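For chain A, the structure is supplied; the task is to place chain B on it using the hints.
One-letter residues, chain by chain:
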Amino acid sequence: GDSVTQTEGQVALSEEDFLTIHCNYSASGYPTLFWYVQYPGEGPQLLFRASRDKEKGSSRGFEATYDKGTTSFHLRKASVQESDSAVYYCALSRPTGGNNKLTFGQGTVLSVIP
Amino acid sequence: GALVYQYPRRTICKSGTSMRMECQAVGFQATSVAWYRQSPQKTFELIALSTVNSAIKYEQNFTQEKFPISHPNLSFSSMTVLNAYLEDRGLYLCGARGGANSDYTFGSGTRLLVI
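Line by line, the protein sequences give chains A and B.
Converting from the first sequence to the numbering used here requires adding 899 to each position, the first position being numbered 1.
Number 17 in the numbering used here belongs to position 35 of the second sequence; there are no gaps in the numbering.
Don't read these hints as lab results, they were simulated from the structure.
Owing to the predicted nature of the structure, the values given are computational and were not obtained by experimental measurement.
Each residue gets a CB set at the ideal place from its N, CA and C atoms; glycine is no exception.
Capping the alpha-carbon separation at 30 Å, the derived lysine-lysine pairs in DSS-like fashion look like this: (1) Lys39(B) x Lys24(B); (2) Lys1000(A) x Lys48(B); (3) Lys(-4)(B) x Lys24(B); (4) Lys24(B) x Lys967(A); (5) Lys976(A) x Lys953(A); (6) Lys976(A) x Lys955(A); (7) Lys39(B) x Lys(-4)(B); (8) Lys48(B) x Lys24(B); (9) Lys967(A) x Lys953(A); (10) Lys976(A) x Lys24(B); (11) Lys1000(A) x Lys976(A); (12) Lys953(A) x Lys1000(A); (13) Lys967(A) x Lys955(A); (14) Lys24(B) x Lys1000(A); (15) Lys1000(A) x Lys955(A); (16) Lys48(B) x Lys(-4)(B); (17) Lys1000(A) x Lys39(B); (18) Lys955(A) x Lys24(B).
Simulated coverage check for chain A against chain B, where a stretch passes if three residues somewhere in it have a Cβ under 8 Å from a Cβ of chain B: (19) 937 to 947; (20) 999 to 1010.
Each pair of labels, with its calculated beta carbon distance range: (21) Ser36(B) x Arg975(A): 35 to 41 Å; (22) Val34(B) x Leu945(A): 17 to 23 Å; (23) Cys(-5)(B) x Gly928(A): 38 to 44 Å; (24) Thr969(A) x Thr62(B): 39 to 45 Å; (25) Lys24(B) x Ser982(A): 25 to 31 Å; (26) Ser902(A) x Tyr67(B): 26 to 32 Å; (27) Arg(-9)(B) x Lys955(A): 33 to 39 Å; (28) Ser36(B) x Ser902(A): 22 to 28 Å; (29) Gln944(A) x Asn83(B): 15 to 21 Å; (30) Val8(B) x Thr969(A): 37 to 43 Å; (31) Lys24(B) x Thr919(A): 21 to 27 Å.
Pulled out of the complex, with its shape left as it was, chain A reads as follows:
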């Protein structure tokens, strides 16, 4: 079945550090890839998505590029802020039987120290 793997379970950075969270997926065809962010006490919010090879998604300074060759969609941000502290989830969606089911990775807890 479809799966999403995030390498880092936890990431601790200082403000203005560069962020990379690795995401690799396994799915046939061309799934749509997503990054979600979840703040304490809230549900996951969509950051952005990408649907085609080499397409770049971006929002709020975060970005990721769809790479079908390496089946990856790594999240990056050039300079993190304390307010970026949250849990980040990579996800994919692939139409199955007329429905689009979202499959999430394990999540990465980002802590940014001021």
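Relative to chain A, chain B alone:
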């Protein structure tokens, strides 16, 4: 904008009893509703996907007998956890979307504690 409300936010039930949670879509028509569970130390597991005018599709390890879902109209869905035990504790999330080309909007979840 599109919003999804879930209630209650938190609930405690005794082992062996049942608990119903609700999901309300505001600002859009929820043609599809997905119910997820986030257990401690785990990611989101899809319980079932409900699409208007289609049968509710349950994922492996989840059954209608344990997690009956109702999706009676385009703004509301509910799910009951029947005969809850410790392994059912977690955050239950409802995600809704307006059509095949739109994204899911998630509620803040219902946190279930079982004692």
